[in-house]
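Between the sequences and the hints, there should be enough to build the whole structure, so can you do that?
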Amino acid sequence: MKTFLKLLKNPISLMGILLLLFFAAVAIAAPWLAPPPWPREPYRIARCGFSPTPRPPGINNPLQGIWLIVTRQAKICEVRPFGTTGEGQYDIYYGLVWGTRTAFKVGIYITGMSLAIGLILGSISAYFGRWIDEVIMRIVDVFMAFPFLVAAITLAAVLQPTIGRGIVTAMIALIAFGWMGYARLIRGDILSIKERDYVQAARAAGAGHLRILFRHILPNAIYPTLVVASMDIGSYVISFAALSFLGLGAEVGYADWGQMLSFARNWISRLNEFWWIIVYPGTTLILFVLAWNLVGDALRDILDPRLRGRITV
Amino acid sequence: MVAYIVRRLMLLPLLMFLVTLFVFGIFSLLPPKQRASLYLAGDVPKSPDAMERVIERYGLNQPFHIQYLRWISHILRGDFGWSKTAQRPVLGALAHYFPATLELALWAIIPVIFVGIWLGILSATHHNKPLDHFTRVFALIGWSFPSYVYGLLLIMVFYASLRWFPVGRVSDWVLRLESAGLFRNYTGMYTIDAILNGRPDVLADALRHMVMPVLTLAYIQWALLLRVTRSSMLETLRQEYVMTARAKGLPERAVIYKHAARNAMIPVATMGGLLLIGLLNGVVITETVFNYPGMGRWAATAASQLDILSVLGFTLFNCALLVLGNLFVDILYALIDPRIRLE
Amino acid sequence: MWRKILVLAAIGVLGIWAWAQVPNPDTYIEATIGDLQTLDPAWHYDTASATAIFNIYETLVFYDGEYVDRFIPMLATSWEISEDGRVYTFYIREGIRFHYVGVKTPEGTIVWKDYDTLTPEEEANIVPGYGELTPEDVVYSLRRAVLQDRSGGPIHMILEPLLDIHAISELAEKVGDEEVFQIVSEAIKLVDGKVVITLAFPFAPFIQILAGTWCAIIDKEWAISLGDWDGSANWRPWHDPKAEESKLFNVANGTGPFKLDRWVPGEYISFVRYEKYWRGPAKLARAIIKVVPEWGTRLAMFEAGDADVIAVPRAYVAAMEPLVQAGKAKMHGPFPGAIAQSGFFNFLVAEGSPFIPELGGQPKPDLLADIHIRRAFNYAMDLDTYIKEAWLGEAWPVGGPVIKGRLGYNPDQPIYPFDLEKAEQELRLAWGGEAWKKGFRLVITYNTGNVMRKFAAEMLEYNIESFNEIRAKEGYTDPIVIEVRDLPWPTYLAMMDDKQLALFFVGWLEDYAHPHNWVHPYMFRTGAFAMNQNFHVIENVEFTPVYATWLPAKTYATLQDLFDELVDLAKREPDLKKAELLYFELNRLAVDYAINVAHIQLLTRRYEQPWVHGWYYNPAFPGTYFYVLWKG
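From first to last, the protein sequence lines are chains A, B and C.
Using this note's numbering, the letters of the first sequence correspond one by one to residues 1 to 313.
Using this note's numbering, the letters of the second sequence correspond one by one to residues 1001 to 1343.
Using this note's numbering, the letters of the third sequence correspond one by one to residues 2001 to 2632.
Just so you know, the hints here were simulated from the structure itself, not pulled from any lab data.
One should not assume that every hint holds.
Said to hold, decoys possible - Some chain A residues well away from chain C (every beta-carbon gap over 12 Å; in silico):
1. Q89
2. F104
3. R203
4. A204
To be verified - Interface residues of chain B toward chain C, partial, derived using beta-carbon atoms under 8 Å:
5. Y1039
6. L1040
7. R1088
8. H1126
9. R1163
10. R1253
11. F1290
We put the beta carbon where it would ideally sit given N, CA and C, even for glycine.
Put into structure tokens, the structure is as follows:
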């Protein structure tokens, strides 16, 4: 409780939290904000034609356009508040709104799983040391040595005909090749904390391994890892964009911010004409990543015992 | 220390074996016809037996273990096979593409590390002031987009419009010099070779071609480096010994750089491995967008066309690179933080 | 810190100065998407390789201006075709030299030297025939190609009329290597210094095939000096090589207006002018084709002036418009391309396919064998909107495989109009009404990244699924489900070849300009597409001719038999008028049996810098012909 209040007091973290709340609200309210043209497939982005060239917003004031859509006075494709993408006239407003749900799902799920795996393996490795450390670190090496994009592409080629494209395959790939970073990070921090006085003291006092690990080491070692994790939540959405090209990632036309960007790739050279394809998805992405970063930072500022009460430079 | 290094290095062959087995395993899940498409050069098969003949010709339908063992036996003789996507022997492709990527990565490391750390320190020392916010948002924007967005924007402004920095590795006139035998390729890296050949104009040309890809690569990484440095610096600045140094009356500059920064670098060294991976993965898109013929671009093409020999060769190489890289980082790490003991 | 900045600035200024100094008014630069596969004329099949070979080597005959079916002499001075259309006799031009000629050194060895830079002494020591075009070279080149016949290569095109077989290895299995050599040597031989080619049956497009880059003439002595086939009965070691195993993989010695300068695979290929070209040297001194897979980068190269021509995928044409408006680019076209895009129905999807169609929830592999469903899809395809929106109007719907501009194209061939009512009627009739009542499921596939094919598939999806509303009102709740799926190219090919795709979109680029190269892939049982469509599933087909009225009305065991017989008759028919009627018949059958949907011929555009001149369009050219261009 005290933590939460502290979070609210800090203006920066407040902004972060508000942003996150805003996105969460958009995600929850998606069916009202952007009524799906295919009720059984809400993640299928609304299409406004078959031209390969992006179309500009149909209305000068995007907020007014959104209002018209929300109050059901106009159809999405009549208004197109944010314009449409190239390669199929996908409505950007629709894609961004429903893409918020995807962003949360993807970010939280992947980060959560990678973090869990990485933390467990990294802690065990660093704490017990010696041959356990060797084995686990070599496993980390195998996964790290495997070039991620190559692995992703190959995986895509193998799985396509059976499972088909979809966020599940992409998430598996990202988790499988994302946990190593956390493992190494936590291991590094634990290694340096392991020999510190308070840990030695606890050991001398006869505390069990798990107790030492969870009460003394991890709370102190985890901050850099949390810092990276808080950034990563926002970034997995971006990885999806990179993966779209390689045949992995969401299906074509799935509401996912990365998709919006990948549709924009071949029109960036004419950005002065087709500005909306980058401006809207881009702003959304930046704000989302920023929100997570601010909150993550603020959390660290508050939870790190070494910083308590001494925040002045 | 030496024992530790030797032990790590000895594990390299085991690692390579495991990783390549893994890759081979994945490919063996593919029906031979999918791999056959590589040899049809982008066209549909035009007769009923075309694919069958290709499969026969290239031995694509042999059992997995036979193909793998045959590959191993060739490797041990130094024959890494022919890369269909690079149109040269796999070893030759590695030798041709690696220096290009290395050159890019090396030149990128400089701005990545120095500017990244500098931004982090700047941010930390102006904690919660406007400069802090500005640098953080600036770096964050770098992290928010896939690299092709910046790449293409840079190209649009600085190449298409202003014509300051071109794409590719070098201009045509340099290629002509090479053709005519007037420029020798010693290392495969144009910047170094230009110095060795005594040609400052080639050096200028090569550098000019690298400005945009290096900036693109660096921008993405700054965010990460800034964050870690900043948080680490913030921690360190509040430590006892920093208070002591300040109390002793040392100038602020010395406090920051001599005492705080060194300890703050520890997590940064840990990031070293991630940075390396980030760069090596980042080059894939960067090289494609800037038409820079390097390993990243080649590896991605090989994987998407299912050119298994190339993928294997690249994986082996990547393996070696990462193991050595990680080892280097771990040693560095131990050197920086005296409290760490490498068992 | 400041010193660092100053140094960087100095380098920057130096660099910019260096750049401004570099001229390239006599170098033509093109940026394309893909790299070439090989420089061996007999091995290549892709357009990138063909473009390079097209400029370096030459063939017996060449296209007359913009015509695809009129030919002028090139390395042949004239030719005769026998009465029965089976024997071609070529008179070979004299006095032509290849880029590299064999020169005798004082030590007695023969060394290959650049003909352009020979010293008078070397010139006097040229060994006759070494780097000199002779009829033996022609015979050697053609025999070599035929005997090489690499898997997945172009030689099946020559083998069909020459020996009426598919593959040389097929013949060798039957009669042995020695005999194969005898047969080939008989079919392509030298008679009194003339090259005589004897076909197995009269085949009108044979001249077209000879004009193709796979029939480029190489110098026998040069090839042998590299270790290639020596021309004897021992041809087996050089049969079906991998690309890199061919001795002519990355070297070239032709008679064409440009010499190979340097090929760096994956990056660029550069050519230099052949000064002593027999028709006079080209105006361009150099040409470079660069591999630039990223569209945005190619566009930037064009805008910066670093590329004279770039490959512009259809989907991004709108990006070039501002440049054309501002006079910074020239657009040629649109021209009718030698290329079409179609949707193909597979009448029987193979077992084990993840895309087996369903009828009423049950697997129905032959769902598309019913004519009504296929007609319904054709009526439901809004080609006008598709062409207007996706192709900017630059495509033509074509009735039947044969495209406009070819013999056998019937401008009066009716095609299915866009008519949702008729589509509904047909759907109601499909499978005795079951399809309408119980609903069905079909997966339409296209290859990843091809936006145009995606649109076609999606339009079909929308229109067909729109019937669910009407059906719901009648109480039929099991939906008609059309799924559009993309697959990466290798997977796409593999599944197509395994007959696992149900309705798939793919394109066809002509090998040579003759209707046979359209009806064969689209309708003949071993054709590139027909072989994956299972026409044999349709049995007891009654045929009554409409155009080729001399044919008897007959019942054929299967639809495939009908197609096969007509395709075969058409290819052997020496009378052009009758051949045309036979192709009309084939087109009609293709439309009546609705073997395709959304079959359109594509128009192409070419974007050039304003300072490039001389280019003209010939659909049979694989790429740019540098010889006719100049910059200024």
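Going down the list of hints, with the structure as the test:
no.	hint	verdict
1	Q89	violated (9 Å)
2	F104	holds (26 Å)
3	R203	holds (47 Å)
4	A204	holds (50 Å)
5	Y1039	holds (6 Å)
6	L1040	holds (5 Å)
7	R1088	holds (6 Å)
8	H1126	violated (18 Å)
9	R1163	holds (5 Å)
10	R1253	violated (14 Å)
11	F1290	holds (7 Å)
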